[in-house]
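Number of protein chains: 2
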Amino acid sequence: MAAPPSTEETPAQEGAKLRSRPAVQLKTPKGTRDLFGPSLLLREQIFQTMTDVFKRHGGMPLDTPVFELREILAGKYGEDSKLIYDLQDQGGEVCSLRYDLTVPFARWLAMNTNFQQVKRYHIAKVYRRDQPAIARGRYREFYQCDFDIAGQYDAMIPDGEILALVVEVLEALKLDITIKINHRKVLDGMFAVCGVPSDKTRPISSAVDKLDKLPWVEVKKEMVEEKGLPEDVADRIGEYVQHSGGLAQVVELLRADAKLQANADVKAGVDDMALLTTYTDALGVSDRISFDLSLARGLDYYTGVIYEVILTRPAQSKTAKDDEVHVGSIAAGGRYDGLVGMYGKKTIPCVGVSFGVDRMFGLLEARQAAAAGGRRRESPVDVYVMAAGGGKAFDGLLPERMRVARELWAAGIRADFQAKVKAKLLQQFKAAGDTPVGVILGQDELARGEVRLRLLNRGGNEGEARDEGRLVKRAELVSEITKMLAGAAPGV
Amino acid sequence: MAAPPSTEETPAQEGAKLRSRPAVQLKTPKGTRDLFGPSLLLREQIFQTMTDVFKRHGGMPLDTPVFELREILAGKYGEDSKLIYDLQDQGGEVCSLRYDLTVPFARWLAMNTNFQQVKRYHIAKVYRRDQPAIARGRYREFYQCDFDIAGQYDAMIPDGEILALVVEVLEALKLDITIKINHRKVLDGMFAVCGVPSDKTRPISSAVDKLDKLPWVEVKKEMVEEKGLPEDVADRIGEYVQHSGGLAQVVELLRADAKLQANADVKAGVDDMALLTTYTDALGVSDRISFDLSLARGLDYYTGVIYEVILTRPAQSKTAKDDEVHVGSIAAGGRYDGLVGMYGKKTIPCVGVSFGVDRMFGLLEARQAAAAGGRRRESPVDVYVMAAGGGKAFDGLLPERMRVARELWAAGIRADFQAKVKAKLLQQFKAAGDTPVGVILGQDELARGEVRLRLLNRGGNEGEARDEGRLVKRAELVSEITKMLAGAAPGV
Chain A
26 MAAPPSTEET
36 PAQEGAKLRS
46 RPAVQLKTPK
56 GTRDLFGPSL
66 LLREQIFQTM
76 TDVFKRHGGM
86 PLDTPVFELR
96 EILAGKYGED
106 SKLIYDLQDQ
116 GGEVCSLRYD
126 LTVPFARWLA
136 MNTNFQQVKR
146 YHIAKVYRRD
156 QPAIARGRYR
166 EFYQCDFDIA
176 GQYDAMIPDG
186 EILALVVEVL
196 EALKLDITIK
206 INHRKVLDGM
216 FAVCGVPSDK
226 TRPISSAVDK
236 LDKLPWVEVK
246 KEMVEEKGLP
256 EDVADRIGEY
266 VQHSGGLAQV
276 VELLRADAKL
286 QANADVKAGV
296 DDMALLTTYT
306 DALGVSDRIS
316 FDLSLARGLD
326 YYTGVIYEVI
336 LTRPAQSKTA
346 KDDEVHVGSI
356 AAGGRYDGLV
366 GMYGKKTIPC
376 VGVSFGVDRM
386 FGLLEARQAA
396 AAGGRRRESP
406 VDVYVMAAGG
416 GKAFDGLLPE
426 RMRVARELWA
436 AGIRADFQAK
446 VKAKLLQQFK
456 AAGDTPVGVI
466 LGQDELARGE
476 VRLRLLNRGG
486 NEGEARDEGR
496 LVKRAELVSE
506 ITKMLAGAAP
516 GV
Chain B
26 MAAPPSTEET
36 PAQEGAKLRS
46 RPAVQLKTPK
56 GTRDLFGPSL
66 LLREQIFQTM
76 TDVFKRHGGM
86 PLDTPVFELR
96 EILAGKYGED
106 SKLIYDLQDQ
116 GGEVCSLRYD
126 LTVPFARWLA
136 MNTNFQQVKR
146 YHIAKVYRRD
156 QPAIARGRYR
166 EFYQCDFDIA
176 GQYDAMIPDG
186 EILALVVEVL
196 EALKLDITIK
206 INHRKVLDGM
216 FAVCGVPSDK
226 TRPISSAVDK
236 LDKLPWVEVK
246 KEMVEEKGLP
256 EDVADRIGEY
266 VQHSGGLAQV
276 VELLRADAKL
286 QANADVKAGV
296 DDMALLTTYT
306 DALGVSDRIS
316 FDLSLARGLD
326 YYTGVIYEVI
336 LTRPAQSKTA
346 KDDEVHVGSI
356 AAGGRYDGLV
366 GMYGKKTIPC
376 VGVSFGVDRM
386 FGLLEARQAA
396 AAGGRRRESP
406 VDVYVMAAGG
416 GKAFDGLLPE
426 RMRVARELWA
436 AGIRADFQAK
446 VKAKLLQQFK
456 AAGDTPVGVI
466 LGQDELARGE
476 VRLRLLNRGG
486 NEGEARDEGR
496 LVKRAELVSE
506 ITKMLAGAAP
516 GV
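Each protein sequence line maps, in turn, to chains A and B. Here the first sequence is numbered in our numbering, starting from 26 and rising by one per residue. Here the second sequence is numbered in our numbering, starting from 26 and rising by one per residue.
Check before you lean on any hint, since a few could be wrong.
No copy labels: a pair is met if it fits in one copy or bridges any two.
Once the Cα atoms are required to be at most 27 angstroms apart in a straight line, the calculated DSS-like pairs of lysine-lysine come out as [stated by the list, open to error]:
| no. | residue 1 | residue 2 |
| --- | --- | --- |
| 1 | K107 | K55 |
| 2 | K205 | K245 |
| 3 | K55 | K371 |
| 4 | K292 | K245 |
| 5 | K107 | K417 |
| 6 | K235 | K55 |
Hints were generated in silico from the structure; no laboratory data involved. Note that this is a predicted model, so its numbers are computed, not measured.
Construct all of the structure, not just a fragment, from the sequences and the given hints.
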């Protein structure tokens, strides 16, 4: 066991010691990762697609700190609270990393009393000390992309809009999805009708929530053996939670059950779902929704509709990887009318959804790679500035290459040159890699006020001169290159 | 004092207790803040501007986790190490929040041995338990925007490119700046010539670094009284650090000083600076650079050029706030050739710069507000879908409004409607606020396959009907609105 660093050491001493120490373990912390280059550009595209949809719905962005006062997070996440990352108490306030973006939003609403109605989106990382499952896209640090509608409105209208937005986002990403939906009041009322004592509602709800991962026998075992539920009560729950189907169909089924209808919670929940059905019909998204009585959601703060979005394996896609069906839900959310009120006097009902980018990322990345096919990867720049010449007198024309690069940068053109004083032409061609356009400077041509422009051959032997290019006036370089690049449409 | 929560409690019990507790303190942690709406959109614009410049130089994006294994950060930050946020040890790895983006980049380079030469950018938040100074834009959680060039190249070429990039970024942001530059070897050699013992080089360097905030007498006091430097040695340092001026000018001055030139470090550093001058001349940025012998930079890891970017108060700007001159440096960086090698066998020389967005943010926000002048703020959406009608038979046409909104969203148009079943027209006009275009649905018109389109009067009495608009075919709604929006160029 490594001894903890003594606090008596000055940082300078500590630094000196570390420099002479054997190499430290080179890794990112468990359940986290680095992303570089094309993967990151893809993720930014996904964020942009989502942001576009969020803005279409009148969403405004919010950013909050990555950590919150610990008491802000306390008591919001049920059994998942143990997964919260705490900051060390180094004097001052006691803080924890955010677990989701919903609680920070509720805290912000409670603080900013001038916002009575707001649609906000927030794309940021959240932190959970969960067991990572990298293959399924489950990390300890991961992005959530949230859209929420806060405020008092007529019943179920914002709920319907969120569902329409979910469909729009996933259509824009070309992902085929099903939204599983349930209602906390239906669920809680159903538990009561089955005979679950009210103090066991949330723990039993948590158990039911595992039905997408575990078979019924396992879930029942947890209810009976771990949570002390009588077996006949569990069996009654087992019958109900098998039901799922179209919104209208399950509403009808629930209304036909006199025992359930006698429960005020169930009745209120079913009325909500019936109203929601008229709205999802008008919004044209009902066919994407499955009313699933086994959906429970783990978090404490939901009070109305709850939903999870799962990928539907498209019938035609025989090549889809197993990953595609095993990533679990790629978005989830629901109504939480009590959360803001937990922070102050003001009560603001809210409904929202959270998209989990990391879970869909592997899939989208594989698709992008497949779509790119044999095409070569995009070059980091569009123009490579080179110098041609030889002999002892040739000085490499570095300041001239710099001047040209600076001109191109100033014109918004992506450009590079080899950071070598006396660069050989062949080396420069190699360094240019896949760059589409080359500018070749020569001492004599420069003296005549000319430079050579050349389309760099893609896919041939690197460095081999394919054509001689053409001379253009030095003064017209930028406009000539702009024309060339417009023509040489890169194969992105 | 509040008792710490007992670990014996189940999360459910804890939750129940918290719900019945008096309201928690509603704030973000010390030195952090929320950002919402237009401020955040401005920040995203700034990031986009920077990213565009970074990409022009062939930069590729990198993202790393917000926390690192603690030993990765240890011994890299000198006296500032005490400002690192540690995560609580909850079992498993011991981690800390990143303090900058440079050390994570070095760790990534050491891990990914296939990257021998790379230009990378990284825009992300970093964390420092410093005394916040909000008015000057100094936060504990703040964004850094880093661009670094890693790899073995001919001397000073990447250093020159970084300086050109700094000028490009700040020109794109229309900020008038000066780059203060120095060289660690010049500084360390100068200390040696003055008689500073080698084990005191970094502490004395830290003291000199305070010269932009403290007068010389204070800095000298720290050197002599706190750091035990003989007074005559401090006085010799005091003479040198007064010098600053153009690159070529200070290079000449240093070369004329025989005592300094006799020191190998000084000589090597001055040669670097002379070479750099030819490159900054070629890149056309020498006039933005001041060679300042008092610049020291606090961090341990720099080995070559170091620089800080400060705002130059433009002569014509009489209205500039005091803030503008008091934000301190808005970007800084330097060469760090030893950092990557601290993690493994591979040595990769690096040079880079970090832009501090939060420090320039207040200034850019004030400018944006001034530029917007009397103009009304932009509306969150472009089209508001309303229903007209009255009497008992009027049902509010909510599903019809939803259908229209969904069509507009599908066409990429930002749209909203009032989330009320029976909305009154006047209320809907009020809710539309500054939205430029209104779609007004009527029962009879819908029956005829028509809808009313209307430019909503901006700046008049809200809700007052100004004109009757015009009827368009329901089927042509999207194309008509697209035309209207193209014409009604919003005053952004």
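Here's how the hints hold up against the structure:
no.	hint	result
1	K107 - K55	both (17 angstroms within a copy, 24 angstroms between copies)
2	K205 - K245	within (22 angstroms within a copy, 69 angstroms between copies)
3	K55 - K371	between (40 angstroms within a copy, 24 angstroms between copies)
4	K292 - K245	within (26 angstroms within a copy, 79 angstroms between copies)
5	K107 - K417	neither (71 angstroms within a copy, 55 angstroms between copies)
6	K235 - K55	within (24 angstroms within a copy, 39 angstroms between copies)
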